[in-house]
Amino acid sequence: MGKTLVYSFVARGAVVLADHAEVSGNFASVAAQCLQKLPSSNNRFTYNCDGHTFNYHVHDGFTYCVVATEAAGRQLPIGFIERVKEDFAKKYSGGKAKNATANGLKREFGPKLKEHMKYCDQHPEEIDKLAKVKAQVTEVKGVMMQNIEKVLDRGEKIELLVDKTEDLRSQVSSIDHSPTHIYVFIISLHDHITVCGRSICCQIDTGACMIYLSFLLASSVRRHKTSGSREQRSGERCGGRT
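So for the sequence shown, this note's numbering puts the first residue at -5; every next one is plus one.
Just to be clear, a hint being listed does not mean it is correct.
[Claimed, not checked] Listed next, with one range per pair, are the computed distances between beta-carbon atoms: (1) K123 - Q30: 20 to 28 Å; (2) S35 - A83: 30 to 38 Å; (3) D54 - K31: 30 to 38 Å; (4) V127 - N20: 30 to 38 Å; (5) G89 - D44: 35 to 43 Å.
It is worth saying that the hints were derived from the structure and are not from the lab. Cβ atoms here follow ideal geometry from the backbone N, Cα and C, with glycine treated the same way.
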């Protein structure tokens, strides 16, 4: 099998720190031109040109690139870049790469690029499998983080709901059960419903409070009517005796 990975480099921003070419050609020039157009955000980018793919991975200020033949597929370049990225991060964790000049690391890291390119070319199936597994793990991590964020967000809403519910209960237990006071409390409850109404649980809770308070209002009205009727009958009896 011929060489499928033909050129690679590591850059800081737009400055190429180390590179290696397996075959002759203008790959370095084209790869450098594409590098100038890359966004600075962490991401992967691939360009196609004349039967070759130019694969980039921007990560924390550094860009890892490999030029491959289209026959190499998608996973082999990704697997190569992951190997180079891990090796580069371990070797230059002390900060040397942040201050290196153009091609300043070529003597040190150029041979490592050659070594990784040779290994990946000779073990394409292994690299493909590892790249696929790593991609799946990354995807699962992303889903887990999304789920955790949703749970945390929901937890904050639940806390808010509990606080509002306890506040409402304390207010219900402390109010005067006369119709006027209950009516005023129901009107003020509208503010709580507006704040918590986005949560389904809160809607149920505030709805229950409204039903309960309406029941109290009706009961109080009946008690007041009954009390008023009794006072009226008592007054009539007293008036009859005089």
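Each hint tested on the structure:
The given range of 20 to 28 Å is broken by K123 and Q30, whose C-beta atoms sit roughly 34 Å from each other. As the Cβ distance of S35 to A83 is approximately 18 Å, the hint placing it in 30 to 38 Å is violated. Restraint check, D54 to K31: a C-beta distance of roughly 19 Å breaks the suggested window 30 to 38 Å. At roughly 35 Å, the beta carbons of V127 and N20 sit within the given window of 30 to 38 Å.
Separation of G89 from D44 is about 38 Å and conforms to the stated range, judged on CB atoms against 35 to 43 Å.
In terms of the numbered hints stated before, the structure departs from hints 1, 2, 3, listed from lowest to highest.
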